[in-house]
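Enquirer: In full-length UniProt numbering, the protein residues as written are 1 to 483.
Think of the hints as simulated: they come from the structure by calculation, not from any bench.
Errors might be hidden in some of the hints.
[To be verified] Straight-line alpha carbon distances no greater than 25 Å define the calculated SDA-like cross-link-like pairs of lysine to any residue that follow:
| # | residue 1 | residue 2 |
| --- | --- | --- |
| 1 | K356 | H318 |
| 2 | K27 | F102 |
| 3 | K265 | D287 |
| 4 | K356 | R459 |
| 5 | K198 | K301 |
| 6 | K301 | D287 |
| 7 | K198 | A154 |
| 8 | K471 | E390 |
| 9 | K301 | H318 |
| 10 | K449 | R469 |
| 11 | K198 | Y168 |
| 12 | K356 | T444 |
| 13 | K198 | G233 |
| 14 | K303 | S317 |
| 15 | K27 | M54 |
| 16 | K64 | I98 |
| 17 | K100 | A124 |
| 18 | K265 | Q296 |
| 19 | K349 | K301 |
Just so you know, these numbers come straight off a predicted model, no measurement behind them.
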Amino acid sequence: MIVDDDPFNVQLLQELLHDTYELRVAKSGEQAVQLCRQENQPNLILLDIELPDMDGYATCQTLKGQESTAHIPVIFITVKGLETDETKGFEVGAVDYITKPFSPTVIKARIHTHLSVQRSLLQAQELLSLRNEVKHLTQGLLKDTLQQPDAFAAIITQHPSMFALFRYMEALAKTNEPILIQGESGTGKELIADALHKLNGRSGKQVSVNVAGLDDFTFSDTLFGHRRGAFTGADSNRDGFIAQAEGGTLFLDEIGDLSNTSQIKLLRVIQERRYYPLGMDQSRPMDVFLICATHQNLEEKVKEGSFRQDLYFRLNSHRIALPALKDRLDDLPYLVEHFIQESAQILGKEPPIASKRMMLELDCRTYPGNVRELRGTIFDAMVQHQSNQELELPGTQGAAPMNLTLETPDSAPKDMESYLDQMDGFPTLDQMERQLVTLALAKTNGNQKLAASLLGLSRQALNRRLNRRLKDLNGSPDSKPLE
């Protein structure tokens, strides 16, 4: 930025520098201060001393006294003056002092040098911050026990992968960097965000907003707020969600649906940690712990061109990937027991015991809706449940034992390769055994002797496998989620 009220000097500098740099001009110190408060801040300021409203020294002192502009290097350019003038320039925060007339080669070299120094300082600060963060993460991940187990009390699990995730979350929680939660619909991204908020320990509240379907204007107004008169209908000032979450946590759900323009706005506020309410030309600081979530594959969206690569890289450095329910079926007994108790309390019923048939049928499902789907299934079963009976899935009361029709042979693929292609990832041997046993029982209408024959097993061997599954499914459902 060139700050000078002399048109001749401005034109001279523009002709000299326009091929190398993007230039902005301010004709007074006050205008320079206002321009520096806006979103597109200059990387360096060429500042004249003799200005109409406040001189260059006062302008520089004002810029250096504000957190949002203190980092911008200032070079004074003026006619040859006294040594005391040059000393005063450095005292108010300038990095250089160039007198007129100046050599084009000299001024270009000075500008290049100070921009390089500024970049090096920023890189050094980022590197130091990154090193401290890596050290903190490493220390957290090496611990075997949770430091704050109460933060995870709402998440029902005994699965090792989830406890590894919890330890990672504890290591991440004190960072000021944004965190990305990725997981299929129904896996519990909101619960993870709640746990992160508790772990972070901020005194402010948690504010959540689903940004799916918001156009660019609504996105800006929702996050940044507006001042009175900013647009038609803006009859009063309104704080956005960033201001409402000040000192706390802001949770943005479904960011994968944001438009490109909204993605740019989100990236800018993450990088600068400042934002502009609609109708204001002065930025405000963002003091929130930012958590973003999506059920979409952002890496694929980047390849498709529908999600910005720079925003993806900014978010992906602190990513929490939630496993699908089908990848932690060992948690099924604990989740079923929890949802039975929850539904019983809502419906005012006594909590029944889940039947073995119900548990085995639940174990054979794939759960595209994940934990949310399981919760709905249990609630539906509880609505229809009659007292003094074991809990069964709707429509299975009185059915023949082990008549598993959830995955019928008619829908089974004709060959193994196509079957594997339909699965999400390569299956384990245990998963394949479950599927084969389920299909064999479905094909034989629950006849274990015929199913064993199809599988090339004795009936006793099939029984052992089924009993082992039932034992796993009914093992210690009363255990606490976290110990």
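Enquirer: Now tell me if each hint is right for this structure.
Expert: Hints versus structure:
1. K356 x H318: violated, 41 Å
2. K27 x F102: holds, 21 Å
3. K265 x D287: Holds. K265 to D287 sits at ~16 Å (cutoff 25 Å).
4. K356 x R459: The given pair, whose Cα atoms are some 19 Å apart, holds under the 25 Å limit.
5. K198 x K301: The hint is violated at about 31 Å.
6. K301 x D287: violated, 29 Å
7. K198 x A154: holds, 12 Å
8. K471 x E390: Between K471 and E390 the Cα gap is close to 17 Å, so the pair holds against 25 Å.
9. K301 x H318: Holds - the C-alpha atoms of H318 and K301 are around 18 Å apart, at most 25 Å.
10. K449 x R469: Judged against 25 Å, a Cα distance of about 18 Å means the pair holds.
11. K198 x Y168: holds, 14 Å
12. K356 x T444: holds, 19 Å
13. K198 x G233: Roughly 38 Å separates the two Cα atoms, so the pair is violated.
14. K303 x S317: holds, 18 Å
15. K27 x M54: Holds, because 11 Å separates the two Cα atoms, which is no more than 25 Å.
16. K64 x I98: Holds. K64 to I98 sits at ~19 Å (cutoff 25 Å).
17. K100 x A124: Violated - the C-alpha atoms of A124 and K100 are around 34 Å apart, more than 25 Å.
18. K265 x Q296: Holds: K265 and Q296 sit about 20 Å apart, inside 25 Å.
19. K349 x K301: violated, 46 Å
In the structure shown, a violation is registered for the earlier hints numbered 1, 5, 6, 13, 17, 19, in ascending order.
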